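K.L.:
Sequence:
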Amino acid sequence: MKRKTGNEMRRLMVAVSATTLILVLSIIAYFMVDNIVTSNRNIEKNKQLVIEQTASALTEISDNINALLSSPSTLEIFNQDLVMEFVKTHNFDLFNELANKIALGFYPIDYSAVIRGGKLVHYDARSGLDIDPSEMPVEPYEGEYEVLYSLGGKEGFYVSAFFPIDLSIVGMDETIYINMIMDRTAEYREIESYFKDQRNDLIVRMCVVSALAIVLSLLLTTLGLRYFTRKYVVDPIEELNRMAEEIASGTFEGEVEVDEKSAFSALQGLLCSGQKVLRRLDDELQDEEG
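The numbering of the sequence shown is the working numbering, which starts it at 466 and goes up by one.
Think of the hints as simulated: they come from the structure by calculation, not from any bench. There may be inaccurate statements among the hints.
[To be verified] Taking lysine-lysine and the BS3-like style, the derived pairs with C-alpha atoms no more than 27 Å apart in a straight line are:
(1) K584 / K566
(2) K696 / K661
(3) K619 / K512
(4) K661 / K510
Computed from a predicted model, the values in this text were never measured in an experiment.
All chains, full assembly: derive it from the sequences and hints.
P.N.:
Written out as structure tokens, the structure is:
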């Protein structure tokens, strides 16, 4: 005979299933949010690392250019008449062009400019960049560098820094600045793509696992709860009810056992007492009839 599930059992299964589902969804949501936050943190951390490495590289490049331009042995390479003319007349055209050519010719610089007296006096840039001199920075930054998000009409990520050049080697008590900008757009996008792909892949896998976890949790909390509740709660209660009916009708055979560790020990004790009372009454009736 098929047993019918009562309203109380259905309510219990719904309550437990809902509680378990909320718990599972909360855990899933926590790990998803943690994954997204961690991925975003890693993206920003690695972007900052690229910026710092670029700034360090620009500093090293500036030191090399400064060493080349201030070295007497380097000056001997050039036409000495032009060198002497520069020393006497301080004609910066040759110097400006030389500094920018060295920067762009030997290093991965995308823009180089000479700043003198707060004015941009000469610049050079990679092909494809449409530079507007009036829009370019001419004052050293408060920090070591700045991140620009466009250069020469192109959107991207660029690291810009200013470096002083001491002209005392050519007899001038003056310091000029070289502004160098390096394109890091490709590295930025590669970092974003790498961590976002990892994040999205993990989210997809978590969604699949989450769906399985939800299905399994619902199965366990419905079928499992129903099975174990019937086995350890409903069946013992029905057995006690059957025993009570048989004791009342006088058809019960045997003794009611009381398990002190059972949650139903009080009911078992009550049935045991009732069984003894009924037996005593039966004995008294039999004595009177005899």
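K.L.:
Could you run down the list of hints and mark each one as holding or not?
P.N.:
Cross-check of the supplied hints:
1. Restraint check for K584 and K566: the C-alpha separation of about 19 Å stays at or below 27 Å, so the hint holds.
2. With a CA separation close to 50 Å, the supplied pair K696 and K661 exceeds the 27 Å bound.
3. Distance hint between K619 and K512 is fulfilled; the C-alpha atoms sit about 19 Å from each other, no more than 27 Å.
4. Between K661 and K510, the direct Cα distance comes to roughly 14 Å. Compliance with the 27 Å bound is thereby established for this hinted pair.
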